[in-house]
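**Q** With the hints as a guide, bring both chains together as one complex.
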Amino acid sequence: MRRSTRQRLVRLGFYALFVAVVVLVAVSADWERLQRSFFRLDIAGEQFPDIVVIAAKNTVVYTAIAFVGGLVFGLVFAVMKLSPIAPYRWLATVYIEVFRGLPALLTIFAIAFILPIALGVRVPGGAVGAGVLGLVLVAGAYMAETIRAGIQAVPKGQVEAARSLGMSPSRTMVSIVLPQAFRLIIPPLTNEFVLLIKDTSLLYIAGTSVTTKELTTFARGEASTSSNATPLLVAGVLYLLITVPLTRLVAWLERRQARAR
Amino acid sequence: MRRTALLVPLAVAGLLLSACGGDDDTTTPTDTGGSGSGATDLGLISDGQLTVCSDIPYEPFEFEDADAPSGYSGFDIDLVQAIADNLELEVVVSVTGFDALSSGTALEADSCDMAASAMTITEERKANITFADAYYDSLQSLLVPEDSDVASIDDLGGKKVGVQSSTTGQIYAEENAPEDTEIVEFPGDTEMYAALQAGSVDALLQDLPVNLVHVEDGGFTIAEEYQTDEQYGFALKKEGKEALVGAINEQLQALRDDGTYDEIYGMYFTGE
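Line by line, the protein sequences give chains A and B. So the first sequence is numbered by the numbering used here: it starts at 22 and just counts up by one. So the second sequence is numbered by the numbering used here: it starts at -9 and just counts up by one.
By construction, these hints were calculated from the structure, which means they are not laboratory data. Being a predicted model, the structure only gives us computed values, none of them experimental. Incorrect hints may appear among the rest.
Claimed, not checked - Within a straight-line C-alpha distance of at most 27 Å, the following computed BS3-like cross-link-like pairs (lysine-lysine) qualify: (1) 219(A) x 78(A); (2) 78(A) x 228(B); (3) 102(A) x 177(A); (4) 78(A) x 116(B); (5) 228(B) x 116(B).
Said to hold, decoys possible - Label pairs and their in silico Cβ distance ranges: (6) 164(B) x 109(A): 26 to 36 Å; (7) 219(B) x 257(A): 53 to 63 Å; (8) 138(B) x 50(A): 46 to 56 Å; (9) 243(B) x 62(A): 35 to 45 Å; (10) 82(A) x 246(B): 48 to 58 Å; (11) 48(A) x 252(B): 49 to 59 Å; (12) 257(A) x 243(B): 34 to 44 Å.
Claimed, not checked - Some but not every residue of chain A turned toward chain B, in silico, with C-beta under 8 Å: (13) 56; (14) 58; (15) 137; (16) 146; (17) 148; (18) 247; (19) 249; (20) 280.
Glycine residues also receive a C-beta, built at the ideal position from the N, C-alpha and C atoms.
Here chain B stands alone, though its shape is the one from the complex (with noise of 0.2 Å):
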């Protein structure tokens, strides 16, 4: 059903880009005759294909769905999506664990050409990876029993908080938590929900979607929300990446121009 609702927009997004496109970058779809010249201008690992590392399953972020053209999806894989179909370029998912995504592992060995795995932009890793520009504010939740006396964060005090490691939900807890809150890390959200439903933690703060995903199931509630001032990137290798960056920056905004991002959004985070 979400496949179908997005490939129509996705194709008259590309119409339009086409359409509209004719200025000399030699990334637009316009620049059909030389996909494979395009392809190597790029630095692609392979010819024609744009390899892309993700830590699978986040959802809403990424999950699999034997339906989409790369066999998974998500707001993450979708975007990656629209940005290869613009730049005619087939999609190639390749399952990694976060660590070696937000390592910078796969991306020095040539794993994959990029990172898609809903990753928080620091000046930390900035140092040793390049982030394209944002593409979307964390938005991070607090997953509470419904029967829990937790209805903010100020009522973590002496309770157990579970986060996953190294992401923005992690961070924020550990800033605005009160002092002797327990924080305890878990690999991912499997775990982590595991742990809320054990009664092993007494909420959990992560990003709101995915926690959505969660009160869906029933039993569990949304206590409060949080902006923070943290956003998610695609990550791509330190050097040597240069035009890929600048190629996935100019079709972000052209997503974003066309309203194709904003279709995206709604399908994954507004419900629409």
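For reference, chain A alone in the conformation it holds in the complex (with noise of 0.2 Å):
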């Protein structure tokens, strides 16, 4: 036998591994059943339009609003973590590890009730202002290592080169360096607004009313209310709506900057 034909029966042998899995699994899966719990057109349909006008609609606002305060969060912090002077960095090192190392689930309950028992600070928008609070601080951590590693990556030359131009220190940072981290930084800050879309579903603990629910809590409220789990399902569809074009975007626009370097 040739080695390509070889190649070719291989092949061919994983194609059919496949797809004989795929049929056992479609064979073995207890379709009523499953039908019964997750695909209840008639439920499915009750969750329209309230599950888009106002639940994905607050998921898009709560996750616009936590990516742009995460992003001012996240720049202040990296340029201080990468500052001269010591106690800024400790400051940012600080923040960075605590905000980073603590559950996003814990940071909103302590923004929105221990902060106001302790000292009687209340964040303006209630239980929301506080929850997208918590997120905020949790994504500009993560978000100030993202930025400080793609501001170290920028080669040494530019600044050298823009120093040696007469720029001074900050006006290097802000024309020549940033720019071109945030070009390289595009794919993690990509993957830090889906994980925040993810992370809005844990505002509920702070309390949700009916015009602030957001994606999950509506689908676990009306999943409670109809005894059935499909509002769960549609949720997680429109989970992937909001995701899925929104990282192909980004994978598309990164393929078009990497043609015009």
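**A** This is the structure:
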């Protein structure tokens, strides 16, 4: 047997295995029970339009606020972490370690309940405001490290060239280093965005009202009311409808940029 | 303390039942020879064990208790324990989030035989899960800080009231609070109570016994109590648990008849 023939046969075997596994799963699954618990069309239909115009909308809005806020926090703390002034570095390190190390759920809980009890500090926007601030703090900690890595990945020669042209250190950072750093960190920032979309599901712990529910909380309530898990599945599909086009878009942007380089 | 107080009446009840339960029903404890076969008749997920899902803690309905046979106590759990004792079954408690219980998922997936988790019987839920006979008439109440100017549900206009998602309390608040009340939903009593202490909400509307636990902590008082026409029931899978539902209903009636129900009720709700 020729080597190419053998390779083709082996590949055929793998295709056959794949098909066999898919068929096996499809045949052995209890479709009727599955359908009864998770794919009830009538219950799925009842979720609309609220699950989109309230829940999915809120998820996107909270994510956008948390991402922009996190980006600002991240940028500030990344620059602080690289600062020549020691106390700034310490502060940045403490912030990053604390909020990267704490589960997001606990951070949200702390902002929503511990802060007002201990200090009487109340975040504007009520429960949602507190929850989103918690997400901003968590996202900021992750992004600070990402941005720092991006800044450090910009070749030193760039800084030296800018400085020798007479640019001040801050001008160098803003117009030479950061633009190149951000280009490098688009993939990890996309990752952070997608993580944030899913982390908004933790906001329920701070308390929600009819108009402030995000996707998961909405679906959990509906699943409980109707005693059927179908709403959770609808929410899952909506999450994918939000995240997949977004990640595809970023992948396309990346490819375009790679060509332009 | 609670536990020992309970064991005596339970043992007595068990004796009484076995003494007078001489009819030919397969689920009475006189049928000692066939606890194994009796268990299979009931369609249990594991022989000889009644596996109970519950969202714990929700004091006083369910909470951890190292001295209890199943490791948990509370009104729901003690009732289930009494039922299981009569059926000669061992209670195994599986702590499960309320979502998985009220959506019926844990039951459909056979994670447990029944859910005992202070669950309200509603028409909507009945379409997808089976409830045993009601075992508790839901009493709701409004918990406010001692210095609050909220004296009744009508004073909630423009204020925030905390409720637990998908509970009788939420339904009651939605139906009875003034239009401009902001109803804030929380996943559980822990968060609701924290929110009330933090001043994020002005009042809590939930089960009276749960609010009474907070009154004991001090600083808070019950402004109002509400009779609702809602009741709690043990939840079971829609299909395949008919025998167990029958056995549970029969035992619930027996516990009411012989006073065990009142004993357990008194222990948790009327402070006797």
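**Q** Hint by hint, note whether the structure agrees.
**A** The hints, checked one at a time:
Only pairs whose Cα atoms come within 27 Å are accepted, and residue 219(A) paired with residue 78(A) is accepted, the gap being roughly 14 Å. Annotation: proposed proximity of residue 78(A) to residue 228(B) is violated, straight-line Cα distance about 34 Å (limit 27 Å). With a C-alpha separation of about 18 Å, the suggested pairing of residue 102(A) with residue 177(A) holds against the 27 Å cut-off. Taking the CA atoms of residue 78(A) and residue 116(B), the gap is near 31 Å; set against the 27 Å cutoff, the hint is violated.
Of the supplied pair hints, the one linking residue 228(B) and residue 116(B) holds, its CA atoms being roughly 9 Å apart against a limit of 27 Å. Our hint of 26 to 36 Å for residue 164(B) and residue 109(A) is violated, since their Cβ atoms are close to 50 Å apart. Checked against the given bound of 53 to 63 Å, the beta carbons of residue 219(B) and residue 257(A), roughly 36 Å apart, lie outside it. A hinted range of 46 to 56 Å for the beta carbons of residue 138(B) and residue 50(A) is consistent with their spacing of about 54 Å.
Look at residue 243(B) against residue 62(A): about 39 Å separates their beta carbons, and that is inside 35 to 45 Å. At roughly 52 Å, the beta-carbon separation of residue 82(A) and residue 246(B) lies within the given 48 to 58 Å, and the hint holds. Between residue 48(A) and residue 252(B) the beta carbon distance is about 54 Å. The supplied range of 49 to 59 Å therefore holds. With their beta carbons about 42 Å apart, residue 257(A) and residue 243(B) fall inside the hinted range of 34 to 44 Å.
Look at residue 56(A): its Cβ only gets to about 11 Å from chain B, farther than 8 Å, so that hint breaks. Because the beta carbon of residue 58(A) sits about 5 Å from the nearest beta carbon in chain B, less than 8 Å, this interface hint is met. Annotation: interface hint on residue 137(A) holds; nearest CB of chain B at approximately 4 Å, less than 8 Å. The beta carbon of residue 146(A) comes no nearer than 11 Å to any beta carbon in chain B, farther than 8 Å, and the hint placing it at the interface is violated.
The restraint placing residue 148(A) at the interface with chain B holds, with a minimum CB-CB distance near 6 Å, inside the 8 Å limit. For residue 247(A), the suggested interface contact is upheld, since its CB lies about 6 Å from the closest CB of chain B, less than 8 Å. At a threshold of 8 Å, the smallest CB-CB gap from residue 249(A) to chain B is about 5 Å, leaving the interface hint in force. Among the interface hints, the one on residue 280(A) is violated; its C-beta lies about 47 Å from the nearest C-beta in chain B, farther than the 8 Å criterion.
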